[in-house]
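In order, the protein sequences belong to chains G and Z. For the first sequence, counting from 1, position 162 maps to 162 in this note's numbering; every step adds exactly one. For the second sequence, counting from 1, position 267 maps to 267 in this note's numbering; every step adds exactly one.
Hints in this document: simulated from the structure, not taken from any laboratory. Note that CB positions come from ideal geometry on N, CA and C, so glycine has one too. The reader is advised that the hints may include incorrect statements.
From the derived model, a few chain G residues whose C-beta atoms are all more than 12 angstroms from chain Z [what the hints assert, rightly or not]:
| # | residue |
| --- | --- |
| 1 | Gly19 |
| 2 | Asn27 |
| 3 | Glu29 |
| 4 | Pro39 |
| 5 | Ser53 |
| 6 | Met71 |
| 7 | Glu127 |
| 8 | Lys166 |
| 9 | Asn168 |
| 10 | Gln179 |
| 11 | Glu198 |
When the alpha-carbon atoms are kept at most 25 angstroms apart in a straight line, the in silico PhoX-like pairs for lysine-lysine are as follows [as the list claims (entries may be wrong)]:
| # | chain 1 | residue 1 | chain 2 | residue 2 |
| --- | --- | --- | --- | --- |
| 12 | G | Lys187 | G | Lys166 |
| 13 | G | Lys87 | Z | Lys167 |
| 14 | Z | Lys563 | G | Lys125 |
| 15 | Z | Lys485 | Z | Lys563 |
| 16 | G | Lys87 | Z | Lys485 |
| 17 | Z | Lys185 | Z | Lys167 |
| 18 | Z | Lys527 | Z | Lys102 |
| 19 | G | Lys96 | G | Lys194 |
| 20 | G | Lys125 | G | Lys194 |
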Amino acid sequence: MKFFLMLLCAGASVAMPTGFPTTEVRNFERLHADFNFAPYTTACFEQVRIMPSGRVLRSRGTFEFRRGVGMMWRTESPVRNAMIISKESLVLYGSKGQELRRTDLSGSPAAQYTTVFFDGAAPEKLEDLTRAFRVTYGMSGDKTVLGLQARRAEMDLHMLLVEVEKGNVCRVEYESACQGHVVVQFKSVKHGQKVPSEPFKI
Amino acid sequence: MFEKLQRYGTLGALLLLLTATAVILLLKGVHVQTDFLALLPQTDSPGGAAFERMARAGGRQIHLLAEGDSEQEVTQRLSSLCADLPAGVQPALGKSTLDELKEAFRPYRFQLLSARHRCMLEQERFEELHEEGMANLYGFVSLSFYAADEDPYAFATTFLLESPILKRGAFVPQGDLLLAQRDGKYYGYIPLLLPESVQGSPAELARYLQPLMEQCHVLEVRISGTPVHTFLAASSASSAMSWLGICSTVMVMFVFLWVFSSLRGLLIMVLTVLCSALVSVAAVVAIHGEVHILALVFGCSLVGISTDYMVHYLVAHSLNADSRVGRGLAISLLLGLSTSCLGYAMFYSSGIDLLGQIATVSVVGLCTAILVIFAVYPRAYARHVPVPVSPALLRFTEKAQQRWRVHGLVPWLLALVLAGLALCRLTVCDDLRSFYEPPADLLAAERKMAELNGMEQGVGVLLVHGDNEEQVLQRQEQLAERLAKDGIPITCVASVVPSAARQQQNFAMVQALSDRFADELPLDLPKSLQLLTPDKLFAACPSFAYLASLWDARCGTVLVPGKYRERLTEYAGKYVQPADRFAELEAHIRRWRVLLMWQLGGVLLLGMLVQLCFYGFRAALLISGPPVAGVVSVFAGLAWLGVPLSLFHVLACFLVVGLGYDYSIFCAGLPRNARTGVAVGLSFSTTLCMFGVLAFTSFSVTHDMGMAICLGLSVAYGLSTAATGAAVRPCKVSCGPMR
Numbered sequence: 001m002k003f004f005l006m007l008l009c010a011g012a013s014v015a016m017p018t019g020f021p022t023t024e025v026r027n028f029e030r031l032h033a034d035f036n037f038a039p040y041t042t043a044c045f046e047q048v049r050i051m052p053s054g055r056v057l058r059s060r061g062t063f064e065f066r067r068g069v070g071m072m073w074r075t076e077s078p079v080r081n082a083m084i085i086s087k088e089s090l091v092l093y094g095s096k097g098q099e100l101r102r103t104d105l106s107g108s109p110a111a112q113y114t115t116v117f118f119d120g121a122a123p124e125k126l127e128d129l130t131r132a133f134r135v136t137y138g139m140s141g142d143k144t145v146l147g148l149q150a151r152r153a154e155m156d157l158h159m160l161l162v163e164v165e166k167g168n169v170c171r172v173e174y175e176s177a178c179q180g181h182v183v184v185q186f187k188s189v190k191h192g193q194k195v196p197s198e199p200f201k202i
Numbered sequence: 001m002f003e004k005l006q007r008y009g010t011l012g013a014l015l016l017l018l019t020a021t022a023v024i025l026l027l028k029g030v031h032v033q034t035d036f037l038a039l040l041p042q043t044d045s046p047g048g049a050a051f052e053r054m055a056r057a058g059g060r061q062i063h064l065l066a067e068g069d070s071e072q073e074v075t076q077r078l079s080s081l082c083a084d085l086p087a088g089v090q091p092a093l094g095k096s097t098l099d100e101l102k103e104a105f106r107p108y109r110f111q112l113l114s115a116r117h118r119c120m121l122e123q124e125r126f127e128e129l130h131e132e133g134m135a136n137l138y139g140f141v142s143l144s145f146y147a148a149d150e151d152p153y154a155f156a157t158t159f160l161l162e163s164p165i166l167k168r169g170a171f172v173p174q175g176d177l178l179l180a181q182r183d184g185k186y187y188g189y190i191p192l193l194l195p196e197s198v199q200g201s202p203a204e205l206a207r208y209l210q211p212l213m214e215q216c217h218v219l220e221v222r223i224s225g226t227p228v229h230t231f232l233a234a235s236s237a238s239s240a241m242s243w244l245g246i247c248s249t250v251m252v253m254f255v256f257l258w259v260f261s262s263l264r265g266l267l268i269m270v271l272t273v274l275c276s277a278l279v280s281v282a283a284v285v286a287i288h289g290e291v292h293i294l295a296l297v298f299g300c301s302l303v304g305i306s307t308d309y310m311v312h313y314l315v316a317h318s319l320n321a322d323s324r325v326g327r328g329l330a331i332s333l334l335l336g337l338s339t340s341c342l343g344y345a346m347f348y349s350s351g352i353d354l355l356g357q358i359a360t361v362s363v364v365g366l367c368t369a370i371l372v373i374f375a376v377y378p379r380a381y382a383r384h385v386p387v388p389v390s391p392a393l394l395r396f397t398e399k400a401q402q403r404w405r406v407h408g409l410v411p412w413l414l415a416l417v418l419a420g421l422a423l424c425r426l427t428v429c430d431d432l433r434s435f436y437e438p439p440a441d442l443l444a445a446e447r448k449m450a451e452l453n454g455m456e457q458g459v460g461v462l463l464v465h466g467d468n469e470e471q472v473l474q475r476q477e478q479l480a481e482r483l484a485k486d487g488i489p490i491t492c493v494a495s496v497v498p499s500a501a502r503q504q505q506n507f508a509m510v511q512a513l514s515d516r517f518a519d520e521l522p523l524d525l526p527k528s529l530q531l532l533t534p535d536k537l538f539a540a541c542p543s544f545a546y547l548a549s550l551w552d553a554r555c556g557t558v559l560v561p562g563k564y565r566e567r568l569t570e571y572a573g574k575y576v577q578p579a580d581r582f583a584e585l586e587a588h589i590r591r592w593r594v595l596l597m598w599q600l601g602g603v604l605l606l607g608m609l610v611q612l613c614f615y616g617f618r619a620a621l622l623i624s625g626p627p628v629a630g631v632v633s634v635f636a637g638l639a640w641l642g643v644p645l646s647l648f649h650v651l652a653c654f655l656v657v658g659l660g661y662d663y664s665i666f667c668a669g670l671p672r673n674a675r676t677g678v679a680v681g682l683s684f685s686t687t688l689c690m691f692g693v694l695a696f697t698s699f700s701v702t703h704d705m706g707m708a709i710c711l712g713l714s715v716a717y718g719l720s721t722a723a724t725g726a727a728v729r730p731c732k733v734s735c736g737p738m739r
């Protein structure tokens, strides 16, 4: 897991996808207002991953976000598994909900990158990202786009694009040396103001 | 005959000696050894070799630790420090290191398994592994150092993350540094590697460390590591020594000028010391091949005692119009020389090269000084005698002599009483670590580093033996499994490079897994297995110098956190043995100290025998009393102050014996008058100026020696009047009257 954290801090010069914003962020308060997702969000996703070898993997499932707690990424097709990322740990679950692997994140300073959005995308945390990434944004109609472009070529995460429409995250795209090119489309996004107290349901 | 020998023989001998010195120095040159590691006892044991390898690797590594309220703060401070590193200094674990590491392991990624993955494969939990692999592929993020489809099960990634290379206590590698968070504080750590040239070269070390330490001070970054200790100890000792050296030289010159009011005398004194030092260095080069800086400093200081001989010559000629060395003075000088030489010559029998070098410098230097006095002084002073001596000092000494007279048995009685005190309360300390007290901020930096590394109490060491590389790796793996069961984490080469047998086994298991899920999780397995060996890894990753220092094809070192040190004996066996370098060194130093103490006793006894031969029993008893009391007072003083006796106190006692005998011999052999008192008093003052000031240094070695010399010599000098006139009566050997 530690490497994963490194990867998140890590990108390279890569051809930016169409629509990648070019305006550099100066006002992080404004960005905070746009990306401060609702305390509780659920959505369905469709993911397309093009592996570095060129193999294409398509999957779909559900996504659940709880502010202050973490997020769950549950793949339903073509395989069933789940991943829960919190400030303390990253846990992989198998098809029957059994825990496959747990990685402790407590005490890891890099966890602040993975959890930027967990606490409501605080302006100072968003600003922290500028050390490793060129942070840009763009607006088109109701859509606001946040772009992260790696400052150093040797970084694993080359770029990340997050599209938000009317306060709902609708698309995420990223390019990584190890994980390939990933595009995630979110649908059926629902919000709630109350974060459930029970644990994530695998 | 005596006069002819003195007139021509000594001059011829001196010229011969100087010619030989010039030839030796021209042909061989002087190689001054400055490597302090070379001084440590060398052992042929694998443990000794292992510790030496580790010490040499540690001797180049320094640690930079920044503490702050945010990650950004510590990262910025460390980054600005690293942006301006002196040329040649490199980060030991930088961003390129991770790439280097990934590339080095890439060809072997299907044969390197973490304990967890190995266990799952052995138990044939293929479905679980399959699920994990699929989760890695289809999850939001995958867990792999390599492209996800290159290592879909994250075998090599997990192996590396659990290896001691990346698992360093609370530290997490991030970019080009290691970060930790504890108690609301952020810590950034960068290990730096100094160039090879710093090994054994204080000047090179200072060239790199001086600017780096200044930068660290400005940026509030803590710096630690063995080179920092070496640098600080050397600079603290050298600054203390240069200041004190200047002070003592000025004091000696002042005393000399005040007493004799003669610049000629001062010049001749300097030339005598220089000549003795040159000849003695040439002798060391000829006999020992090279000269260690400590032997040079310590030995040349001892040669400085030769000024005493000159003082005796000048005082003896304060009324005498004949510049030749009289028989009485000659015998006193030769007796004084013989006791000093006997004392230092004893060092040869210790078998310790450094002490041997000190003995050579001292014996040859003192003999040369005597030769110079006999050969040159009568000529140099032919038209300048009698030498004037400060009348005020003569009057003062006369009065003091009238008031201070010690009974002949007082030194022995005092020695007995003090010996009782010493025997009751004296403690000893032979621990190498106690000889040097690092600065508080360096200690604090090391404590924090150790705390974050999970090595609060240092490291415990186990040595694993084998007939070859494979056997050592296999035995390390077996040991690692036993220790892991008891929850003890380890660092060893086998945790990064598995044995060939294990690599083959791992590869076969991965192959079986790959065949089973070839459609969903295809693996690009090589057709034939290439083995990863320690040598291949160290060649591919030069920054793993520290890990390489744990490796020898017949004896591998296993490190465990120091808190488990006491439990290591549980794992001892035929091929595994716990090792403690400090305990080993302590035992060596103890042996040296005990040996030197016996030799000290031997020197006292020999000195007494020499006096017995020349002056008879009563005089021998009276002459030997003050040096014996001087030595015993050192032990008693330490006992009273609660300071443990160390090797360096014992070394200092040799000087007390040599000079203590000199004082007594001159008091005993020369008539009781103010001039004798001035000569002995002046000799004592100059020695105190040269060595006593060491007591004011903060460096424990020189401080210990200075303390012992101050105390012992003061007592020996104070009691030397007990021997006054003891040998003036006709002695067994006809020595004639003093001129």
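Outcome of the hint check:
| no. | hint | in the structure |
| --- | --- | --- |
| 1 | Gly19 | 21 angstroms, holds |
| 2 | Asn27 | 19 angstroms, holds |
| 3 | Glu29 | 18 angstroms, holds |
| 4 | Pro39 | 20 angstroms, holds |
| 5 | Ser53 | 5 angstroms, violated |
| 6 | Met71 | 8 angstroms, violated |
| 7 | Glu127 | 9 angstroms, violated |
| 8 | Lys166 | 23 angstroms, holds |
| 9 | Asn168 | 18 angstroms, holds |
| 10 | Gln179 | 5 angstroms, violated |
| 11 | Glu198 | 22 angstroms, holds |
| 12 | Lys187/G with Lys166/G | 13 angstroms, holds |
| 13 | Lys87/G with Lys167/Z | 20 angstroms, holds |
| 14 | Lys563/Z with Lys125/G | 39 angstroms, violated |
| 15 | Lys485/Z with Lys563/Z | 17 angstroms, holds |
| 16 | Lys87/G with Lys485/Z | 30 angstroms, violated |
| 17 | Lys185/Z with Lys167/Z | 20 angstroms, holds |
| 18 | Lys527/Z with Lys102/Z | 21 angstroms, holds |
| 19 | Lys96/G with Lys194/G | 28 angstroms, violated |
| 20 | Lys125/G with Lys194/G | 23 angstroms, holds |
Consistency note: the structure conflicts with the earlier hints numbered 5, 6, 7, 10, 14, 16 and 19.
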